Structure formats: structure tokens, C-alpha cells
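S.K.: Sequence order for the protein chains is A and Z. My numbering applies: residue 1 is where the first sequence begins, and numbers increase by one. My numbering applies: residue 1001 is where the second sequence begins, and numbers increase by one.
No lab work stands behind these hints, which were simulated from the structure alone. These numbers come from a predicted model, not from an experiment. Treat the hints with care, as some may be off.
Said to hold, decoys possible - If you want the ones that stay clear, here's a sample from chain A, every Cβ over 10 Å from chain Z, calculated:
(1) M1
(2) I15
(3) G16
(4) P37
(5) T38
(6) S41
(7) A43
(8) E49
(9) D54
(10) S61
(11) K79
(12) Y116
As the list claims (entries may be wrong) - Derived SDA-like pairs (lysine to any residue); straight-line CA-CA distance at most 25 Å:
(13) K99(A) <-> K1163(Z)
(14) K1146(Z) <-> T91(A)
(15) K1102(Z) <-> S1209(Z)
(16) K100(A) <-> S1112(Z)
(17) K24(A) <-> E1136(Z)
(18) K1144(Z) <-> D33(A)
(19) K99(A) <-> N1154(Z)
(20) K100(A) <-> G1156(Z)
(21) K1157(Z) <-> Y90(A)
(22) K101(A) <-> N1167(Z)
(23) K1120(Z) <-> D1168(Z)
(24) K100(A) <-> K1144(Z)
Backbone N, C-alpha and C define an ideal beta-carbon position, used for all residues, glycine too.
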Amino acid sequence: MKTLNIGKDFSVDPIGRYRSDGDKRSGEAFREDFLKPTLQSLALNEILEIIIDDGVESYGSSFLSEGFAGMVKYGYITKEELLKKIEIKYTNEDFEFFKKKILGYIAAAKYNSKVYVPTQPYV
Amino acid sequence: MLLQNTTLKSTFLHSPMFEYACTFSSLQLCNACPEYSALINENILTNEKLRVSIDLLNATLLRQENNINVFTPYIPIIAVIIGSIAAYFFTRYHWSFSEKKKIEADHLGKISTLISDIEKISIGYWIEAHNKDDVENEIYIKSKIKLLAKYVKNIGKEQESKKNDLNDFASNLYDLVTGDDFESHNRMASKNKAGLIAFLCADILANISSHK
Chain A
1 MKTLNIGKDF SVDPIGRYRS DGDKRSGEAF REDFLKPTLQ SLALNEILEI
51 IIDDGVESYG SSFLSEGFAG MVKYGYITKE ELLKKIEIKY TNEDFEFFKK
101 KILGYIAAAK YNSKVYVPTQ PYV
Chain Z
1001 MLLQNTTLKS TFLHSPMFEY ACTFSSLQLC NACPEYSALI NENILTNEKL
1051 RVSIDLLNAT LLRQENNINV FTPYIPIIAV IIGSIAAYFF TRYHWSFSEK
1101 KKIEADHLGK ISTLISDIEK ISIGYWIEAH NKDDVENEIY IKSKIKLLAK
1151 YVKNIGKEQE SKKNDLNDFA SNLYDLVTGD DFESHNRMAS KNKAGLIAFL
1201 CADILANISS HK
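Just chain Z, same shape as in the assembly (with noise of 0.2 Å):
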């Protein structure tokens, strides 16, 4: 036969003989060549279900058109409202819940900064007997004792076990530093006070700073 092989067909396709096959009633083509016919009615089944998809998608938009309300428009307004509503509240959050970090930080340093004045005071004070500075520095050690047990009762009760730490802590040192023969005329030198003040100071402001 005539156009038995691919290449034969592929250019008979593409041929005005094709063309001209294509005006034949389809019994004419069947009856001429068949196997053209079957490559024909397999394109024509294929435009078919193209034809029922294409329908389909077209009703859909039209559904689709029809069911668009007074609000469809504003849609995408309504959504970039509503996210920057809600990136407004995170920023708010986070930058309030930054600056509350801040705060309990500089209060930390704060108290970190006044628990080391009361170390160097209260070393210098008790590692040597009765003096004439004693005056003025028990002055100072009752002053900042008390500031520091001041700054601790501030400290926010969402840092309840750190208050609670701290608030030992001044208790203790309050009990170290002015117990025994403080503000005496008869105080001696005390070596070993001095060194449990400094290892009391150096605890606490460890734990200090592992917590900031």
C-alpha cells in the first residue's frame, strides 16, 4: 500500500491531498482509506471532550460571576486591613514585651551594681578592727542594705523565684554584715566574716547574671 509507513503518513497529513480528503464524507474516507478514518474520528472525539470541558469551564464562570456579592470587591482590602491590623499588634507586643526585657535587665544591673558597693564596703569594714572610718561606713552599709531591699521588693512577680533569691539573699547579708559586734566600740577584725560576705556576694551575683 501507498502510505504504509510513518514518514508516508506524517507527510500526507501535512499534505493539500489531505486537505482534500478532509471534504470526503467520512464513508468516503472509510471506504478509501481507513486508517485515516480512524486517525480522523479519534481527533473528532478528542475535539468532542475538549468541546463538553470547555462548556464546563464556561458554566463554572458563570456560576461563579453570578454568585459575586457586594462585598466580593473589598475582599483584598478587607484581608490587607486585617493583617496589618494583626502585624500592628505583634510589632505592639513585641516591642512592649522588648522593653519590659529592657527594664528588668537595667533593674538587675542596678541592684547587680549596689550588692557589689555593699561587698567593698562591708569587707573593708569588717576585715579591720574598730576604726574611726567605722561611723561612716556603717552608715553606708545600713543605707544600702536597706536600698537593696528596696530594689528587690520592686522586682515584678512574673521574676517571683528570682525576688525570692534575692530577697534571701539581702535577708542573709543584712543578718552577716550588721549582726555580731557591729556598730560596737569592742569589734575586732574579722577575716572570716569578710570571706563568707565576699562568697555570699560573688553567689548571688553569678546567679544575677545567668538569669539577664
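For reference, chain A alone in the conformation it holds in the complex (with noise of 0.2 Å):
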């Protein structure tokens, strides 16, 4: 099992939807930069435990849909799949709420719905 925790390998204020939104802490930079190569890189049948609460106060929608569900969107994995491989944890109980909205995103996203169209950072 690999760990993912988004507050100390990604970003203690995760924010916006693009990497044009917010530099290196959107929800864009963290699927590419981290969520997929990490789930690249996991064998078969392990999972990646994510951390969501771990330093982070809060999540906006933006960053968790763009995040997660894009993941789904722009084909690179089935929402079954991902599902199957991820398994989000916290314990402060304050945040079932971003992990109910995670797996909503992802089970009501469409795969491969959407090109995949690099932003630019915002200046």
C-alpha cells in the first residue's frame, strides 16, 4: 500500500480548479503531478491510501472535482478502477464531508468526456 498525504507531499492550501487558478496548488497539478503518477505506479491489486487532513483545513469543490473526478474525465482511468485503488482517510471526522464529495465526483464522472488541454500557471 503506497500513501499519498496531500498536506505534506502536495500542499497545506490547496486551491482552484487549474494550474492558471492557482500555481502548483490546484486540483489540475495535483492529478497530474501526483495522483497519477502515483496510481501509475502502484502494482496490481495495491491501493493508495490518501490522506486528506493532514494539515489542510479545507477543500473547495473546484479542486476536489478537477482533482479526483478528472482523473475519470480526461480517460485516464475507469471510476471503477479508481474507486477499486483508492481509499481516502482521515481522522478528523470533520472531513467525511470532502470524502463523501471525492467519491461523488468520481462515481458521477464520465470517462474520457473531456481532452486533456494543459493550463499555464498564473502569474
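Using the hints, put the two chains back together into the complex; each one sits in its own frame.
M.R.: Structural data, given as C-alpha cells:
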């Protein structure tokens, strides 16, 4: 099992949807630079544990939907596979809301429904 | 005859003559005046019935007196104690029920105030394009929606339908307010989104006040 700690490995202040919105802290940056490579590095039947409450106070839905559901939307993985491969973890009960939202965005995403066009960081 | 009418009978009954007549044997009386004999016989019968009734009553009272056991004197005390205990539990139940209702109403009041705050900040945020106040508003919006989710989570199971309504609302509000170009430097004003937020909040506030 591999672990991806958003607060430690990515940012304690994840914001925005695209790189053009929030530089390195956007959902696009999280998906392209962290989630996608980590998922691709998993062995067969290996699970990726994603810790969502370590140092992070909150998330916007623009970040969560782009970061997680984007994996399905841009055709990197089907929602069934993604839901099977990740496990959302938290210790702070307040983050149950965000876990439900992440799983909901993935479940609602349409596979390969959009072509990914990278955006440029906001300057 | 001398005593044929009612007035005369009444006079006779209250006269010394009647007392005198009463000392006669019934046979003498029967022979003397058969009308008064019948009346007296009737009185004797009535008295006899009265005596039997009194005997019966005495016998019953005597039986009751014999049936009294050691607990009999305590029956009123026991009744008072049972009544007091019942009153205590009823009062306690009523008090805890009222307290629970008050706490629920207070909790819903807090949720209503919080929703109004989120509504005000969110509408102000989306009615204008990206500006210098965005960072502050984004922080408030995210923290208050998180707090709303926490408040909703704390609603008791006995208010399941209200909890479900508020959960759906919090989820929809989160998608609406923090979706699209939220936290983007390229964010454009969206009066349509501001209007949707206002209607969504108005609906749930009406729902909450109907539950209070």
C-alpha cells in the first residue's frame, strides 16, 4: 500500500481548479503531478491511501472535482478502477464531508468525456 | 262514618286518641276501625323491612371490619406515594422533552444564522468578478461550509428527515459556491450563480422555520 498525504506531499493550502488558477496548488497540478503518477506506480491490486486532513483545513469543490474526477474525465482510468484503487483516509471527523464529495465526484464523472489541455500557471 | 275524609284522618293520626288506639290489640283495633288497622299494619310492615335492612347493613359492616388487614391503614399513604412518584416521573419526562426541544430549536437557530452568513458572503463573492477581497471571502466560505457540515452531522437521529434535507443542502451549496472558477484569478462575475445561491438558501431557511 502506498500513501499520498495531500498536506505533506502536495500543499496545506490546495486551491483552484487549473494551474492557471492557483499555480502549483491547483486540482490540475495535484492530479497531473501527484495522483496520476502515484496511481500508475501501483503494483497490481495495490491500494493508494490518500490522507486528506493532515495540515489541510478545507477544500473547494473546484479543486476536488478537478483533482479526483479529472482522472476519469480525461480518460486516465475508469471510475470503477479508481474507486477500487484509492482509499480516502482522515482522522478529523469533519473531513467525512470531503471524503463523500470526492467519492461522489468520481462516481458522477464520465469516462474520457473531455480532452485534457494543460493550462499555464498564473503569473 | 266519623273519619271518612282525609283531613279527619290526618287530625286523628296526630291526636291523643290515636295514641290511645295504639295501645289496643290489633284485634280490638281491627274490630274498632278497619281503615286504621290497615294503615298501622302497613307501617308495621315498613318498619319490619327497615329493620331487616339495618340488620343487613350491620352484618355487612361487621364483615368489612373483620376483613381489615395490617395494610389497610396504609392504603391512603401508599396511594399518595404512588401518585407522587408518577407525578415526579411525568414532570421529569416533560422537562427533559422540553429541554430536548429547546436544544433542537437552538441548534436549528445556529444553522439558520450560519446559512444566512454563507448566503451573504457567497452572493457578494459571485456577484462581482475576481477582486482583492477574494482570498478573505474564499477562506470564510470554505470554513463556514465546513462548519455547516459539522452542525448538520450533529443533528440527532430522531430528526433524520431534517438531517437528510440539510445534508443535501450543504452538499448542493458546496458544489454551487465552491465549484466552477472558485479560487481562480480568472473568475468572472455570475449573477446567475448568485441568484441560485439565494434561492437555495431561501428554500432551506423556509424548511427550517417550518420544522422549528
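S.K.: None of the hints should be skipped; say for each whether it holds.
M.R.: Hints, verified against the model:
For M1(A), the shortest C-beta to C-beta distance to chain Z comes to about 28 Å, beyond the 10 Å cut-off, and the non-interface label holds. At roughly 4 Å, the least C-beta separation between I15(A) and chain Z is not larger than 10 Å, which violates its mark as non-interface. For G16(A), the shortest C-beta to C-beta distance to chain Z comes to about 4 Å, within the 10 Å cut-off, and the non-interface label is violated. Taking the minimum C-beta to C-beta distance to chain Z, about 24 Å, the non-interface status of P37(A) holds against the 10 Å cut.
With a minimum CB-CB distance of about 24 Å to chain Z, T38(A) clears the 10 Å threshold, and the non-interface call stands. At roughly 29 Å, the least C-beta separation between S41(A) and chain Z is larger than 10 Å, which holds for a residue marked as non-interface. For A43(A), the shortest C-beta to C-beta distance to chain Z comes to about 35 Å, beyond the 10 Å cut-off, and the non-interface label holds. With a minimum CB-CB distance of about 22 Å to chain Z, E49(A) clears the 10 Å threshold, and the non-interface call stands.
Every Cβ of chain Z is farther than 10 Å from the Cβ of D54(A); the closest lies at roughly 16 Å, confirming the non-interface assignment. Not every beta carbon of chain Z lies more than 10 Å from that of S61(A), the smallest distance being close to 4 Å; the non-interface claim is violated. No Cβ of chain Z comes within 10 Å of the Cβ of K79(A); the nearest lies about 18 Å off, and the non-interface call holds. Even its closest Cβ contact with chain Z, about 18 Å, leaves Y116(A) beyond 10 Å, as expected for a residue assigned away from the interface.
The suggested pairing of K99(A) with K1163(Z) holds, with an alpha-carbon distance near 18 Å, which does not exceed 25 Å. Under the criterion of a C-alpha separation no larger than 25 Å, the hint pairing K1146(Z) with T91(A) is consistent with the structure, at around 15 Å. Between the alpha carbons of K1102(Z) and S1209(Z) the distance comes to roughly 14 Å, so the proposed pair stays at or under 25 Å and holds. A threshold of 25 Å between alpha carbons decides the hint, and for K100(A) with S1112(Z) the separation of about 23 Å falls inside it, so the pair holds.
With a CA separation close to 20 Å, the supplied pair K24(A) and E1136(Z) stays within the 25 Å bound. Between K1144(Z) and D33(A), the direct Cα distance comes to roughly 30 Å. Violation of the 25 Å bound is thereby established for this hinted pair. Of the pairs offered as hints, the one joining K99(A) and N1154(Z) holds, with about 17 Å between alpha carbons and a cut-off of 25 Å not exceeded. Distance hint between K100(A) and G1156(Z) is fulfilled; the C-alpha atoms sit about 20 Å from each other, no more than 25 Å.
Only pairs whose Cα atoms come within 25 Å are accepted, and K1157(Z) paired with Y90(A) is accepted, the gap being roughly 23 Å. Straight-line distance between C-alpha atoms of K101(A) and N1167(Z) comes to about 12 Å, which keeps the hinted pair within the 25 Å bound. About 20 Å separates the Cα atoms of K1120(Z) and D1168(Z), which keeps this hinted pair within 25 Å; it holds. The hinted pair formed by K100(A) and K1144(Z) meets the criterion: a straight-line CA distance of about 18 Å does not exceed 25 Å.
Hint check: violations occur at hints 2, 3, 10 and 18; the rest are consistent with the structure.
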